[in-house]
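**Student:** Sequence:
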Amino acid sequence: MATDPLVSTEWLAAHMGDANVRILDASFKLPGVLPLPKDDYLAAHLPGAVFFDVDAVSDHSNPLPHMYPSAEQFGRDVGNLGIGNSDTVVLYDAGGWVAAPRAWWMFLAFGHSNVRILNGGLKKWCAEGRPVESGEVTPKPAKFKASYDPKRVRSMQQLVANVERRAEQVIDARAADRFEGRAPEPRAGIRSGHIPGARNVPYNQLFDAATGTMKPLEDLRAAFASAGVKLDAPIVTSCGSGVSAGVLTLALYRLGVTDTALYDGSWSEWGQENGPPIATGPA
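Residue numbering for the sequence shown follows our numbering, beginning at 718 and increasing consecutively.
Honestly, the hints are just simulated from the structure, not real lab data.
One should not assume that every hint holds.
[As the list claims (entries may be wrong)] So the derived label-pair ranges between C-beta atoms look like this:
| no. | residue 1 | residue 2 | range |
| --- | --- | --- | --- |
| 1 | Arg899 | Ala731 | 30 to 36 Å |
| 2 | Ala736 | Lys947 | 41 to 47 Å |
| 3 | Asn802 | Gly998 | 45 to 51 Å |
All residues carry an ideal CB built from backbone N, CA and C; glycine is no exception.
Starting from the given sequences, assemble the full structure and let the hints guide the process.
**Tutor:** Here it is as structure tokens:
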């Protein structure tokens, strides 16, 4: 099995003073939800943690939300966060398993394998009475060279072709009522439903809401099996805007399925009024 991307609060507490360990707060919220993640970070974050803004580390020429940047931009932005190629990056979020996996997959896609996620995030850290800080951390810039691996990401064109071929299973991380088209999308002007042929594994089924920790491997395996997902066949993860899909990607990685891809545009692209055909109802 591949190295488990998760590290415990005990491990991080023991290693956060190491010279090559860099901690990033990668918290994220849907548009319109306040307070903003950056304001939450300023109020309380792990000691020494720098804020990783998924909206900032993105392709600003693309009107879709937080699409992957170029390797050059990722390297520049991450270097400005104080991270070099030899560093161990530990990501966390508020404990809802929403955004840290997205940032983790970005690091892997840009050639940095030495990246981990804090199991339970800030929620578990605080519940254990561990120290936090407030205010901005201003890191010393470092040099980070990124190289992009396109196999880890999918475009809408690839997913449109896949609707016919069904060569890859598409798994959607959104809640069932959004997947089935019974609930409106949080982004204006986006249709309701899902990619034809997609399966549905809501990301919140994969972690314990009380503690913020990811569920045991057997529970993860059961969640995919109950949705009709074959772990030995190609998989692409999707969601609302390419963030919570990372939770599925992480769960699959922990189950030994490390060669998945993430649909970057996800439903914020597919669901546009002039987008490809959609399906509604259960998978």
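**Student:** Could you run down the list of hints and mark each one as holding or not?
**Tutor:** Evaluated hints:
1. Arg899 / Ala731: 30 to 36 Å: Distance hint for Arg899, Ala731 is violated at roughly 46 Å.
2. Ala736 / Lys947: 41 to 47 Å: holds (44 Å)
3. Asn802 / Gly998: 45 to 51 Å: holds (47 Å)
When the structure is compared with the earlier hints, a violation turns up for hint 1 alone.
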